[in-house]
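Using the sequences plus the hints, can you model the full thing?
4 protein chains.
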Amino acid sequence: MSDVPFDTEDQAAASRARQTNDPDPEVGGIAVDRLRSIIERVERLEEERKALGSDIKDIFAEAKNAGFDIAVVKQVLRLRKKEPAEIEEQETLLDLYRRALGM
Amino acid sequence: MSDVPFDTEDQAAASRARQTNDPDPEVGGIAVDRLRSIIERVERLEEERKALGSDIKDIFAEAKNAGFDIAVVKQVLRLRKKEPAEIEEQETLLDLYRRALGM
Amino acid sequence: MSDVPFDTEDQAAASRARQTNDPDPEVGGIAVDRLRSIIERVERLEEERKALGSDIKDIFAEAKNAGFDIAVVKQVLRLRKKEPAEIEEQETLLDLYRRALGM
Amino acid sequence: MSDVPFDTEDQAAASRARQTNDPDPEVGGIAVDRLRSIIERVERLEEERKALGSDIKDIFAEAKNAGFDIAVVKQVLRLRKKEPAEIEEQETLLDLYRRALGM
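Chains as they are written, first to last, in my numbering: chain A, 10 to 112; chain B, 10 to 112; chain C, 10 to 112; chain D, 10 to 112.
The hints are simulated quantities; they were obtained by calculation from the structure and are not laboratory data. All values derive from a computational prediction rather than experimental measurement. Treat each hint with caution, since some may be false.
Pairs count within a copy or across copies, as identical chains cannot be separated in the list.
[Stated by the list, open to error] Cross-link-like lysine-lysine pairs, in silico, BS3-like; alpha carbons within 27 Å at most:
hint: 1; residue 1: Lys66; residue 2: Lys83
hint: 2; residue 1: Lys90; residue 2: Lys59
hint: 3; residue 1: Lys90; residue 2: Lys66
hint: 4; residue 1: Lys73; residue 2: Lys59
hint: 5; residue 1: Lys73; residue 2: Lys90
As structure tokens, this is what we get:
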């Protein structure tokens, strides 16, 4: 249990007694500064991630405005994540499956 | 059609004729540099977004390691997105619904 | 406020007084049976939805077992949601974009 | 390779020669009926899953209409997936974390 940041009530009382010299003040046995730091770092990163999502949306809007077909641009992006050999193999199979199904 | 970055075949031929002096060389009437720029910017932002997701995961691993309950830390993060009045109203209703259902 | 299933405290007291003859007994002014019905119907549908997801997974496992390439089967499923004319137009554009990018 | 449903070209030619008596006719060495069955079953299940999603949405609309708070109804649904002991433990921790953060 030594890695648990909160204690039983007695331990919490003892931890409050130590608190004046403690670099991380505790409430109810919780390492407050540590928790706050974790929460705030996640919030900051989530905000950045949200901003990136918004930037990506803007680029697609620009692409659409410039006359590109967004669905096809996304297909290009998916293809660029694959190896050329993988692309070729899947295209061969796709043709085969489509002919088999009369598509 | 003036916002379409590719042309009919005749226009494409004309555009290829202009190509030597064109700041954005075209292939099949496509504004190649523009398309490449769009693709590469999206890829860069998606990589950054992926890296952020990985950083957030690391912080949760750190939190777990420090003894915090991750599910509860995520509840705290959700609550911090709400106004205090909204939190209080929803907690009152949640108590009411739970009592109604005998939970 | 007539469509709100809970009342102010006075109304709640009045509703509790009526409760013996009420077809939908109330707790704290909540239409209990209505709430329970809503909750249970959602739970039942969510279970069915989960079961369907599991059935779909089983079919893909069967397809893989039978030697089909699952990624390509999924491409077929995506294509079948589109009109033939849309498929053809997007394939033409995809070829154009890929040649433009030297892919 | 015995579980692969398509063959090399020679095998495909042989399989086409057998085709008249074959219970599952093949195209390019593909077990056509098998592939079609897989595709159609997935499509049917995906349609049912979509219909369930639409039914669930309708119930939430009904709940909202009846005056219930949808966000809180969803919290109730989440709680009902947990054991009472788990709920209590998480509520205790949530209180602790919130007090630590001054929320």
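Here's how the hints hold up against the structure:
no., hint, result
1, Lys66 to Lys83, "both (12 Å within a copy, 25 Å between copies)"
2, Lys90 to Lys59, "both (23 Å within a copy, 14 Å between copies)"
3, Lys90 to Lys66, "both (20 Å within a copy, 23 Å between copies)"
4, Lys73 to Lys59, "both (21 Å within a copy, 24 Å between copies)"
5, Lys73 to Lys90, "both (22 Å within a copy, 22 Å between copies)"
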